[in-house]
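Colleague: Below, each chain spelled out in residue letters.
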Amino acid sequence: MSEAPPAPAAPEITAAERDELRRHGILLTSLEELYNWGRSNSVWPLQFGLACCAIEMIAASMARFDIARFGSEVFRPSPRQADLLIVSGTVTKKMAPQVVRLWNQMPEPKYCIAMGACAISGGPFKQGYNVLKGIDRFIPVDVYIPGCPPRPEALLHGLMQLQEQIRAQKISGPEAPRHLRPEASGEFPVPEFGGSDLVPPRNPDLWEPPTIVRAE
Amino acid sequence: METPGQIRDRILARFSGAEVTVVTNPGPAAQHSLLVGAAHATAIATFLRDDPVLQLDTCSNVTGVDWPGREIVETVRQPLAPEEDADPAAPPGVIEEKIKRLVPGSLEVVYHLYSVALKHGPVILRLRTADRAANVTLPSLTPVWRACEFQEREVFDLYGVKFTGHPDLRRILMWDEFQHHPMRKDYVEPDDYEWEPTPHDAVLTKARRHYPAPPAAPEEESTP
Amino acid sequence: MSAAGELAGLSAAPGTTVRAVNDPFHGDLLEVSMGPHHPSTHGVFRMMVTLDGETVVKLKPVFGYLHRNHEKLGENTTYLGSMPYTDRLDYLNSMTNNWAYALAVEKLSGQPVPERAEYLRIILAELTRLLNHTCLAGFLLQDTGCSGTPLMYAFREREHILDLFEALSGSRMMCNYQRFGGCRVDPTPGWLAAAARLVDGYGRFLDEYEALITGNEILMARTQGVGVLQPDLAVNAGATGPMLRACGVDYDLRKVDGYGFYPRFEFRVPLGDHGDTYDRYMIRVLEMRESIRILQQALRDLPAGPIIDAKAKNRGLRPKAGEAYGRIEGPKGEIGFYLISDGGPNPYRYRVRPPSFINLTVLEDMCLGQTVADAVVILGSVDIVLGEVDR
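In the order they appear, the protein sequences are chains A, B and C.
Each residue of the first sequence is one higher than the one before, starting from 1 at the first, in my numbering.
Each residue of the second sequence is one higher than the one before, starting from 1 at the first, in my numbering.
Each residue of the third sequence is one higher than the one before, starting from 1 at the first, in my numbering.
These aren't lab readings, by the way, just hints derived from the structure by calculation.
Keep in mind it's a predicted model, so treat the numbers as computed, not measured.
Treat the hints with care, since some could be wrong.
[To be verified] Listed next, with one range per pair, are the computed distances between beta-carbon atoms: (1) C:R268 <-> A:G38: 53 to 59 Å; (2) C:S33 <-> B:D131: 34 to 40 Å; (3) B:E194 <-> A:V74: 35 to 41 Å; (4) B:M1 <-> C:S33: 41 to 47 Å; (5) A:T29 <-> C:D28: 53 to 59 Å; (6) B:A207 <-> A:V74: 40 to 46 Å; (7) B:A39 <-> C:R264: 32 to 38 Å; (8) C:K320 <-> A:A63: 23 to 29 Å; (9) C:G148 <-> A:P200: 39 to 45 Å.
[What the hints assert, rightly or not] In silico DSBU-like cross-links for lysine-lysine, where the CA-CA straight-line distance does not exceed 30 Å: (10) C:K313 <-> A:K126; (11) B:K185 <-> C:K313; (12) B:K185 <-> B:K100; (13) A:K126 <-> B:K185; (14) B:K185 <-> B:K162; (15) B:K119 <-> B:K98.
Ideal Cβ positions, reconstructed from N, Cα and C, are used throughout, including at glycine.
Kindly generate the complete structure, drawing on both the sequences and the hints.
Modeller: This is the structure:
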């Protein structure tokens, strides 16, 4: 008997076709999609305010802006129960070890939003001796929200960006996110207080100062 | 309320040997202050608090000020002794001599006192240390006004003034291991500085320190 | 007091230090570090609390987690350049911070302010006071465990005031509105009408809020007689603002200093009787009622004219050598700026007198002998903002 011809590959279903099917009551999904959909709509932030931006973060959770529409109204007081660290304000050098420690205490999968100019780069206080010039020197940041402080709408926009990132994640393969790769650690070294600065002043695995060559 | 001069006279009448001088404020605010010697500071502060005319029962504000030592060049003019055969109508000759004088630096602590009971103020007290390095000890006024407790700790932290008689003199804003006094004028902050998109003079100076001039690079590799 | 406590001969009268003794019924002291990440500490504030059971026997505040070097930056920038930074001191009350700083610089340089600007300053300062006290009432209730709802009411009203600020200055929180010798922009007639509408409706919000909260038994049980502050200690420790007046000390800088045009306005200064947490809450509610009266008078009498002195210099200001201390009655207490000029473009010394930092001096005295849950409420009633505490 001759061998049966190989079965034709299943045709890729476009998004438009899937929407059409959904209108007829047929839901097509993949495990990856379901997993990401669930996680992206229940991002619970840590109830952790640092400075001015924290007030706008609170405002975002109140009636007018209502962060509950995005499934993120459950601000958890404990890092063990939180998925999202919103670094809302100036991180001082005295506070930086505590922020890293909180990040380390959060279970994977976890995400970090740097809210406001101070958390991104030190912002208006960049030239201060006790101001950390950006939290991305010690922990990885997923979304940066500019502004001083960002409006609550901007925080919501940042949250939607994060949700898009989560929806695009792969659950297997080399492009899988950190929490699905056993070799990748979600813990980062906590800096210590030195005589004049933090020791080390940055995490060299995460951040290096830009190599600018002065032209003169 | 009494003028600072009147208060000084009453303090001097009460405490013989106290050093009190009125520091005139030349600005439009005209808030003059009293420079008080450290030896009698606590006694004078208690007197100001308990005096029935003043009743300065609260200390509103405690501040440190850093005055680094500086060099002053003074020009001293001395008339020359006229020579014997000189024309008496001619103007006498003058020797100009430039003298460099080193004004020693000091740390100053400023107290703004008010009276809640009588609703007047401020009376401004200033205490000065002998220098900025070894002799930075001043008496604490926390036993007189509790309001000074945290503020004197702040002055200790940021300026390095050591207050004797303070109940709990520790660093308050910086961490305990920190070794400098950052509000002093000669404090050099750690080099964790990067380029800013809109540089101005201070930023450029810092950036030059952070990014030293590159070694003479070949022409084609020079960056714009 | 428990049986064990009686056996140990402990007296738990409020305000006294309870000491642990060696007896088999009595446990060890427990040292708890509350903060800098703690939901009840209003930011990155930390309290080292020593507990005997649930009773506080020692409480040391730890500061500096938001020390952003405001004073050093102020000495390295121009006089005008510090104005936006003052917004970020007490970030709920940028308008009053602006005013205190502008007042200090005006004292330093002898700068007069036109009449309309003085009225606008009073309007904005009193709106800020409404905003701050409303938020405080919400946060205080949050600290008593009343999670969410009162804060939502408070933030609903706050958003209405922020809308006004945004329409006027371009920013919700960081208004950067005052200038030396006046204000930055003139409000339109529409803005003034909207402000008048808000002010007229605010009394109704207060009625609603008070009906829900003020007579509430749980609130009374949690706050009355808790965290009593004696008036002589409050004065000696430099407490200012509602905290001082809750002890019955009549000291309001709007009356005492009479800065701005406050002597032209008719308003009363509410005073407390007991100096406890409930009085500190009530003082704020009563002050809001008086603020509404001031606002109604100011909006009615607002004169026409320039909003900034024609000769006022803001950019490149170089005041003559000298010094000045300017202070105003901020919503949290006496906010002052102490400036020394050496004739240069930057202040030689730039010092902020932060009310909430100095009000914390008596925190330990108020908390001793109380339970740890009450310490949270007492801290809430002090009304701190960490941007100002640590600067």
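Colleague: The structure should be examined with respect to each hint, and the outcome stated for every one.
Modeller: So, going through the hints one by one against the coordinates:
no. : hint                          : in the structure
1   : C:R268 <-> A:G38: 53 to 59 Å  : holds (57 Å)
2   : C:S33 <-> B:D131: 34 to 40 Å  : holds (39 Å)
3   : B:E194 <-> A:V74: 35 to 41 Å  : holds (37 Å)
4   : B:M1 <-> C:S33: 41 to 47 Å    : holds (46 Å)
5   : A:T29 <-> C:D28: 53 to 59 Å   : holds (57 Å)
6   : B:A207 <-> A:V74: 40 to 46 Å  : holds (44 Å)
7   : B:A39 <-> C:R264: 32 to 38 Å  : violated (48 Å)
8   : C:K320 <-> A:A63: 23 to 29 Å  : violated (52 Å)
9   : C:G148 <-> A:P200: 39 to 45 Å : holds (41 Å)
10  : C:K313 <-> A:K126             : holds (28 Å)
11  : B:K185 <-> C:K313             : holds (27 Å)
12  : B:K185 <-> B:K100             : holds (22 Å)
13  : A:K126 <-> B:K185             : holds (19 Å)
14  : B:K185 <-> B:K162             : holds (18 Å)
15  : B:K119 <-> B:K98              : violated (51 Å)
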